[in-house]
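Participant: What follows is each chain in one-letter form.
2 protein chains.
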Amino acid sequence: MRRSLTAAEALAVVLESAGPLPLERILVRDAPGRVLGEDVVSGRTLPPADCSAMDGYATRSEDLRGAAEASPVTLRVAFEVAAGASSGSAIAVGEAARIFTGAPVPRGADTVVRQEDTSREGETVLVRVAAPPRENVRPAGEDVRSGDLVLRSGSRLGPAEVGLLASLGRSEIAVHQRPRVAILSGGDELVEIDGDPAQGRIVSSNSHSLAAQCREAGADPFYLGIARDTPDDLEAVLRRGLGADVLVSSAGVSVGDRDYVRPVLEKLGCSLVFWGVRMRPGHPLVFGRFGERGPLVFGLPGNPVSAMVTFEQFVRPLLRRQLGHSRIFRPTLRARLAEDFRKKGDRLHFVRVRLEREGAEVVARSTGNQSSGVLRSMSLAQGLLVFPAEESELRAGSHATVQVLDESFFAGDEPGF
Amino acid sequence: MRRSLTAAEALAVVLESAGPLPLERILVRDAPGRVLGEDVVSGRTLPPADCSAMDGYATRSEDLRGAAEASPVTLRVAFEVAAGASSGSAIAVGEAARIFTGAPVPRGADTVVRQEDTSREGETVLVRVAAPPRENVRPAGEDVRSGDLVLRSGSRLGPAEVGLLASLGRSEIAVHQRPRVAILSGGDELVEIDGDPAQGRIVSSNSHSLAAQCREAGADPFYLGIARDTPDDLEAVLRRGLGADVLVSSAGVSVGDRDYVRPVLEKLGCSLVFWGVRMRPGHPLVFGRFGERGPLVFGLPGNPVSAMVTFEQFVRPLLRRQLGHSRIFRPTLRARLAEDFRKKGDRLHFVRVRLEREGAEVVARSTGNQSSGVLRSMSLAQGLLVFPAEESELRAGSHATVQVLDESFFAGDEPGF
Numbered sequence: 001m002r003r004s005l006t007a008a009e010a011l012a013v014v015l016e017s018a019g020p021l022p023l024e025r026i027l028v029r030d031a032p033g034r035v036l037g038e039d040v041v042s043g044r045t046l047p048p049a050d051c052s053a054m055d056g057y058a059t060r061s062e063d064l065r066g067a068a069e070a071s072p073v074t075l076r077v078a079f080e081v082a083a084g085a086s087s088g089s090a091i092a093v094g095e096a097a098r099i100f101t102g103a104p105v106p107r108g109a110d111t112v113v114r115q116e117d118t119s120r121e122g123e124t125v126l127v128r129v130a131a132p133p134r135e136n137v138r139p140a141g142e143d144v145r146s147g148d149l150v151l152r153s154g155s156r157l158g159p160a161e162v163g164l165l166a167s168l169g170r171s172e173i174a175v176h177q178r179p180r181v182a183i184l185s186g187g188d189e190l191v192e193i194d195g196d197p198a199q200g201r202i203v204s205s206n207s208h209s210l211a212a213q214c215r216e217a218g219a220d221p222f223y224l225g226i227a228r229d230t231p232d233d234l235e236a237v238l239r240r241g242l243g244a245d246v247l248v249s250s251a252g253v254s255v256g257d258r259d260y261v262r263p264v265l266e267k268l269g270c271s272l273v274f275w276g277v278r279m280r281p282g283h284p285l286v287f288g289r290f291g292e293r294g295p296l297v298f299g300l301p302g303n304p305v306s307a308m309v310t311f312e313q314f315v316r317p318l319l320r321r322q323l324g325h326s327r328i329f330r331p332t333l334r335a336r337l338a339e340d341f342r343k344k345g346d347r348l349h350f351v352r353v354r355l356e357r358e359g360a361e362v363v364a365r366s367t368g369n370q371s372s373g374v375l376r377s378m379s380l381a382q383g384l385l386v387f388p389a390e391e392s393e394l395r396a397g398s399h400a401t402v403q404v405l406d407e408s409f410f411a412g413d414e415p416g417f
Numbered sequence: 001m002r003r004s005l006t007a008a009e010a011l012a013v014v015l016e017s018a019g020p021l022p023l024e025r026i027l028v029r030d031a032p033g034r035v036l037g038e039d040v041v042s043g044r045t046l047p048p049a050d051c052s053a054m055d056g057y058a059t060r061s062e063d064l065r066g067a068a069e070a071s072p073v074t075l076r077v078a079f080e081v082a083a084g085a086s087s088g089s090a091i092a093v094g095e096a097a098r099i100f101t102g103a104p105v106p107r108g109a110d111t112v113v114r115q116e117d118t119s120r121e122g123e124t125v126l127v128r129v130a131a132p133p134r135e136n137v138r139p140a141g142e143d144v145r146s147g148d149l150v151l152r153s154g155s156r157l158g159p160a161e162v163g164l165l166a167s168l169g170r171s172e173i174a175v176h177q178r179p180r181v182a183i184l185s186g187g188d189e190l191v192e193i194d195g196d197p198a199q200g201r202i203v204s205s206n207s208h209s210l211a212a213q214c215r216e217a218g219a220d221p222f223y224l225g226i227a228r229d230t231p232d233d234l235e236a237v238l239r240r241g242l243g244a245d246v247l248v249s250s251a252g253v254s255v256g257d258r259d260y261v262r263p264v265l266e267k268l269g270c271s272l273v274f275w276g277v278r279m280r281p282g283h284p285l286v287f288g289r290f291g292e293r294g295p296l297v298f299g300l301p302g303n304p305v306s307a308m309v310t311f312e313q314f315v316r317p318l319l320r321r322q323l324g325h326s327r328i329f330r331p332t333l334r335a336r337l338a339e340d341f342r343k344k345g346d347r348l349h350f351v352r353v354r355l356e357r358e359g360a361e362v363v364a365r366s367t368g369n370q371s372s373g374v375l376r377s378m379s380l381a382q383g384l385l386v387f388p389a390e391e392s393e394l395r396a397g398s399h400a401t402v403q404v405l406d407e408s409f410f411a412g413d414e415p416g417f
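Chains A and B, in that order, are what the protein sequence lines are.
Under the working numbering, the first sequence has 301 at position 301, and the numbering climbs by one with no breaks.
Under the working numbering, the second sequence has 330 at position 330, and the numbering climbs by one with no breaks.
Source of the hints: derived by calculation from the structure; they are not laboratory data.
Warning: the hint list may mix true and false statements.
As the list claims (entries may be wrong) - Calculated from the model, a selection of chain B residues having no Cβ within reach of chain A, i.e. all distances over 12 Å:
id, residue
1, G37
2, E69
3, G94
4, T124
5, G294
6, R334
7, E358
Said to hold, decoys possible - Now the stretches of chain A that chain B is said to cover, found in silico as 3 or more residues with beta-carbon under 8 Å:
id, segment
8, 58-70
9, 95-106
10, 125-137
11, 156-169
12, 183-190
13, 211-218
14, 289-297
Values in this document were obtained by computation on a predicted structure and should not be read as measured data.
Glycine residues also receive a C-beta, built at the ideal position from the N, C-alpha and C atoms.
One chain only, chain A, in its complex shape (with noise of 0.2 Å):
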């Protein structure tokens, strides 16, 4: 086990240990989020046949030579065409037919008057535009021509791949699936939500807030429960989350000073790959692995800050990258120091900050007490500051990175136009 890692080798041992994850196949309409795990072929053209991009008039631009507002032409209505007819009827010179947004355009014809540049007069159409060839008209094969390679393999889906998809004809596609995240905690102090909180007691609120992460990356988080500080009401709730693909557990899973941990741990197969990284909030993570089989395992810390800013930098990039994602990491940006920010040691900090826009550049300040034990704090931010270990004080005015945890941040105030 190695002791005492930067963020940077742990992350890197941690992103080592896994690639995305197996296939599954799901239903189309549940594909948003998920990552693509097979090229799409198209079988289908689309449109099928030429067809009108506007309700109006198909007719021949030839017969429409010169017309125009002072001058219309007079063509005769030979028949419709609704969207979704066979293109069976054709019209021959002087005629038009009247027809609809994606209806095919009829032999004979090759181009559609919009019905705005027509008056039509009983069993005619006058028409006051000249119109040349294909105006109006989607050639066949426009959109998707069968046999084009639609969708890569390792594509994000969204809604416009989703109606792609459908379009297709595809109601079912290959992606890989998502992590399965068991999630315990551990120590005696510890009720669930609704316990009695009488003699220091406290609700067990970092499985709720690491479920949450865990979905707002992607994942399936399922949830354990308490484990009590024996060894084996460890075991036996570690027990039920071996099938998982990822178990996290805050507290409970130290390898301080309760001796029982790691030999619970080691005895159900897992072997610990690091202990303590040299950070702050999150020194006490563990890591470790079940070789071929069995889960990924976090011990985070207990402290609730903690807890999160751990499963930030090290759970949910690697549960991106099970997801099939490349891009894995939050967004991060360059953010002007509105205040001083200081630390001692040689720890790498991460700062929970509160970001404001102040024209073309983004501000940060403190949220207050970092305490690691103060959860509002990270209600309150946008972010997280990245006060690099060899640095001990950030001078207001400064350029730092931040990373952005507030997936509404970047929401707009206005529409853009």
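With chain A held as given, fit chain B onto it using these hints.
Facilitator: Okay, now just chain B, sitting in the frame of chain A:
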């Protein structure tokens, strides 16, 4: 009914039509992404007592005066305080209590020495450092005091808020309801995803992309099906959606040639508010409302890109407002144009663009064919370039506003440390 509004006028009309939806009570575990509808006042003090921030020894700072590596102080270990234990016992002069993170500091003690700075020898412990009072002690109420306003109504709930609410013993909270969005398609040419695409029929893919857009916005879509091109069928399908907050049709509820659409809507009690927005794609947009009861109605154009773009511009901001969000728009940024963009006419254009970072700048390139039938181009696009109505050319090298559609655009390639 107003006609041919600017996009800004249309957006203003839409947003005037609704505020945040009424409240519902949900489990805290389901809260992420929702918007709080009540002020949350703490009924608890957290931590409930002065407690240890470390595993180590609680003792009297006075007794450690002068302690150092070379001159450790020896203390008698009087008892052990586990987390969750009550702090009944007290330590006396020359004594220490073994203590674990989160455990209450026993009476008599005023400081905690980290385990790493001590050596245990049977019933005694050698302490190799001095410690001021309150070192490694989290004072009672450091996080929250009973009576504190912890979260304000209107707060967006994320993992930290979920943890905070859990720590207060709150298992249920009031949030704004999620808008239920009824989705229908209209047209005889449409088939469901598993339908037969013979004779020019196409899959009703808009219902899939729009449902995904709803989910991405945080709303709750349900699918009414395809209305065939008859008044009776349209009425039957629409009736099933009258209980929704928002009704979104793509095609079918146009006010174009099919004369029965407007009478059917009016028969059901819907009054049309506007028809036509001076934008491209998306001009034939219809917006209506049912008075006090009944859904707001959007008739989106049938072309796949037009449907998605008009959803983005009008439906999504409305849904975000109904959810209670204060910042309801997509992120926008100023991008440098990698090529010339030209347009004819005096409509606002939304141009699908790829976005790439180049140094501190974001560079925008067209996805190519901007036909509103090319759904594939929406899949290639990370953003929509806002091409102002009054401009006819945007030059390569100049800067323009882009709405960022791809949520993962901001994700990082690097962890930031």
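Participant: Next, verify each hint and record whether it holds.
Facilitator: Verification of the hints:
Distance to chain A confirms G37 of chain B as a non-interface residue, since its nearest Cβ pair spans about 17 Å, more than 12 Å. Every beta carbon of chain A lies more than 12 Å from that of E69 of chain B, the smallest distance being close to 17 Å; the non-interface claim holds. The beta carbon of G94 of chain B sits about 22 Å from the closest Cβ of chain A, which is more than 12 Å, so the claim that it is off the interface holds. Taking the minimum C-beta to C-beta distance to chain A, about 16 Å, the non-interface status of T124 of chain B holds against the 12 Å cut.
Once the 12 Å rule is applied to beta carbons, G294 of chain B is consistent with being away from chain A; the minimum gap is 26 Å. For R334 of chain B, the shortest C-beta to C-beta distance to chain A comes to about 9 Å, within the 12 Å cut-off, and the non-interface label is violated. Every CB of chain A lies more than 12 Å from the CB of E358 of chain B, the least distance being 16 Å, so the non-interface label holds. Check result for the segment 58-70 of chain A against chain B: violated, 0 residues qualifying (beta carbon to beta carbon below 8 Å, three or more required).
A stretch counts as covered by a chain when three or more of its residues have a beta carbon under 8 Å from one of that chain; for the segment 95-106 of chain A and chain B the count is 5, and the coverage holds. By the rule of at least three residues with a Cβ nearer than 8 Å to a Cβ of chain B, the coverage given for the segment 125-137 of chain A is violated, with 0 such residues. Three residues within the 8 Å Cβ limit are the bar, and the segment 156-169 of chain A against chain B gives 13, so the coverage statement holds. Only when three residues or more bring their CB closer than 8 Å to a CB of chain B does the claim for the segment 183-190 of chain A stand; here the count is 4, and the claim holds.
Only residues whose beta carbon comes within less than 8 Å of a beta carbon in chain B count, and the segment 211-218 of chain A has 5; three or more means the coverage holds. Only residues whose beta carbon comes within less than 8 Å of a beta carbon in chain B count, and the segment 289-297 of chain A has 0; fewer than three means the coverage is violated.
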